[in-house]
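Line by line, the protein sequences are chains R and X. Heads up, the first sequence is in this note's numbering, so the first residue is 1 and it goes up one at a time. Heads up, the second sequence is in this note's numbering, so the first residue is 1 and it goes up one at a time.
Rather than coming from a laboratory, the hints here were simulated on the basis of the structure. Honestly, I wouldn't trust all of these hints.
Copies of one chain are not kept apart here, so a pair can be met inside one copy or by any two copies together.
Stated by the list, open to error - No more than 20 angstroms apart at the CA atoms, straight line, and that leaves these computed lysine to aspartate or glutamate pairs for EDC-like:
no., residue 1, residue 2
1, Lys79, Glu341
2, Lys192, Asp212
3, Lys72, Asp174
4, Lys220, Glu45
5, Lys192, Glu139
6, Lys74, Glu316
2 protein chains.
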Amino acid sequence: MFQILNKQKGSAARTGILTTPHGTIQTPVFMPVGTNGTVKGVKPEELVEIGAEIILGNTYHLHLRPGELLIKEKGGLQKWTNWRRPMLTDSGGFQVFSLGAGKDYTPLSNIPKIGVKISEDGVEFRSHLDGSKHFLSPEIAMQIQADLGADVIMAFDECAPGTSDKSYARQAMDRTHAWALKCKIAHEKIQKERPAEAQQMLFPIAQGVVYDDLRIESMKFMSELDLPGVAIGGLSVGESKEQMYHTLDVLQPHLPEHKPHYLMGVGTPEDILEAVDRGIDMFDCVLPTRLARHGTFWTHEGRFHIKQSGFKNSSEPLDTTCTCYTCRNYEMSYLRHIFTEGEILAMSLLSIHNLHFLLDLTAKIRAHINAGTFTTFKNDFLRNFTIPDGKNHNSDP
Amino acid sequence: MFQILNKQKGSAARTGILTTPHGTIQTPVFMPVGTNGTVKGVKPEELVEIGAEIILGNTYHLHLRPGELLIKEKGGLQKWTNWRRPMLTDSGGFQVFSLGAGKDYTPLSNIPKIGVKISEDGVEFRSHLDGSKHFLSPEIAMQIQADLGADVIMAFDECAPGTSDKSYARQAMDRTHAWALKCKIAHEKIQKERPAEAQQMLFPIAQGVVYDDLRIESMKFMSELDLPGVAIGGLSVGESKEQMYHTLDVLQPHLPEHKPHYLMGVGTPEDILEAVDRGIDMFDCVLPTRLARHGTFWTHEGRFHIKQSGFKNSSEPLDTTCTCYTCRNYEMSYLRHIFTEGEILAMSLLSIHNLHFLLDLTAKIRAHINAGTFTTFKNDFLRNFTIPDGKNHNSDP
Chain R
1 MFQILNKQKG SAARTGILTT PHGTIQTPVF MPVGTNGTVK GVKPEELVEI
51 GAEIILGNTY HLHLRPGELL IKEKGGLQKW TNWRRPMLTD SGGFQVFSLG
101 AGKDYTPLSN IPKIGVKISE DGVEFRSHLD GSKHFLSPEI AMQIQADLGA
151 DVIMAFDECA PGTSDKSYAR QAMDRTHAWA LKCKIAHEKI QKERPAEAQQ
201 MLFPIAQGVV YDDLRIESMK FMSELDLPGV AIGGLSVGES KEQMYHTLDV
251 LQPHLPEHKP HYLMGVGTPE DILEAVDRGI DMFDCVLPTR LARHGTFWTH
301 EGRFHIKQSG FKNSSEPLDT TCTCYTCRNY EMSYLRHIFT EGEILAMSLL
351 SIHNLHFLLD LTAKIRAHIN AGTFTTFKND FLRNFTIPDG KNHNSDP
Chain X
1 MFQILNKQKG SAARTGILTT PHGTIQTPVF MPVGTNGTVK GVKPEELVEI
51 GAEIILGNTY HLHLRPGELL IKEKGGLQKW TNWRRPMLTD SGGFQVFSLG
101 AGKDYTPLSN IPKIGVKISE DGVEFRSHLD GSKHFLSPEI AMQIQADLGA
151 DVIMAFDECA PGTSDKSYAR QAMDRTHAWA LKCKIAHEKI QKERPAEAQQ
201 MLFPIAQGVV YDDLRIESMK FMSELDLPGV AIGGLSVGES KEQMYHTLDV
251 LQPHLPEHKP HYLMGVGTPE DILEAVDRGI DMFDCVLPTR LARHGTFWTH
301 EGRFHIKQSG FKNSSEPLDT TCTCYTCRNY EMSYLRHIFT EGEILAMSLL
351 SIHNLHFLLD LTAKIRAHIN AGTFTTFKND FLRNFTIPDG KNHNSDP
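Chain R with its partners taken away, still in its complex shape (with noise of 0.2 angstroms):
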């Protein structure tokens, strides 16, 4: 199901294709964030045309509003959401403690505190939505996940704050272990009762917080499980840029060869080629779509703000090496004018040409792997591109 078709010499990076119920996935692969159902502000159709294969739902907020059932019903996420391509769910895990509860989830005292309650079975948590309890679990996430019909699907896993003691670290990473085990168990048996054709693949998510002989105890565990995948979960959570280049250097020799590697969460272009360097091969991020109704875009020239007043009379694309619809048709003193007036184009126009640039990114850097160019390739566009500070901007608002 995923077969690799180059490397790249003196680097981790390399390319290939996974294969999935509803079309292939070249890799190393971005993936647009739709959490509610939608990516927000663009239309399935135009991700098509900036080149998404795949995208993304979430398990937590479709649990909670509409309900897996009614999805189901519906003929799945994608028929019912008018994206007929590859699609991944999330297990609902991350946002249980995020959203749910994840304000008051203090784990560096151990104890989680109100609204969040993990046992061995699963967790109890309060909607944020309207403070309404709910439970998950790895069988209950396995269930939905199947209703909501994915491709890729992910094990219920407990993402503890990079902030976490290693103590706590350990006991939420055994927890994730056990729960892993859980959903393979869940998993085969409501695949058995799918169509060979709807046939759903489970990844398991490795987790560790920022210690290292759990981080590769960890990726150890969830690469020996007979499973398609491996991701790494708990990164891009609140340390720094240089934390989580250090975690993926020390786990690259651990990264299982013939699977694909999940970094969930990341994010920015230079994360993307730094991880991409450390053998990962699959991204996800919500900043795209977020930075871009907050007025923010990239070009290759790093990050920029559209109300910058440089940009007032500027007749310039946002970035004259870009082909996206945006750059095509519109000027940055028309972007500016309408994002200033609060039009929700301005936000649909700048998600597009934000999720344009990754998906270049990743098309470009697929194609310097198998053209073997890839390192000076990394190394001319980050010496170009200006990150603002030192910080890790996965979670930007």
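Starting from the known structure of chain R, fit chain X onto it as the hints suggest.
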């Protein structure tokens, strides 16, 4: 420049073709409104697919931000906004009163309140954005609209509220007549300096509030000006549907046969049908997109709200007889879900549907007039179409 194609027997309805520098327009026509240089939430290519042949821009808004000189420098409104087809700009007269200081403008007292100062020369008003002082006059309105560069431009008028007493209504009408003459003089001078392929058409706006004799007097005055069209202003600003239809009945015999008749700010499906029956050729209204952003949509059965609980589980499109992009690709349960989640895609998809509904309605109206079956079509349509109450809904939120 305006050619009448067919007339419906037993009705004042007619079809025609209006030729402009950016292309031809089939009448009766509905013109989507792009206040700030964008039809809210809808891209130009989507407008073309929906069947829009001409859209509006707002002089008042574009003059305040970003300013007509920037737009002129950028090659005009059409090029700048990526809408390369016919365009119409209003004069700013309506907004000066309704937005600027309009909230304090009480013609019943015969003296407009703080914020707006009317003289024979023009109107001093305050910006609704920052309270800054501005001045618009017939001459300035002509210059701004020449800089914006639309195909059809409107004379500067005083739009007195539907509650004005007769004495004030006459005063405002007389001023509007004097201004129309000033506009014509300024316009002719400006057009001489424009190239032959960029000549603009000036339409004067007849006023008269709800007073039949004033309405007739004003329409006669405007008709006799040597200008290529006439508009009816100041209807759909608070009076009842009955009052509006009555005024149109009164005006109908006085409409200049060989010029297009534009009813400003209308509107609803039922009003368009009634007005076409009374000889109107052109319409504009913010209603389709404004209703959409608030979750309301039209079908051939009437007006509905997407959050209606009956739609929660519905696999039907918004309207089973509709061929728009939204109805072809999305069911109500999905649209209801993304609207509930506050997704901007919901606003875009409902806007596309509502605009398509009105443009499809006008296309059907034209086909039926050409076939001589307009009256039957109108009666059949209105029999199936439930109007929530007897009120005028053209400026609903």
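**Prompt:** Which hint numbers doesn't this structure obey?
**Reply:** Numbers 2, 3, 4 - these are the hints that the structure violates, sorted from lowest upward.
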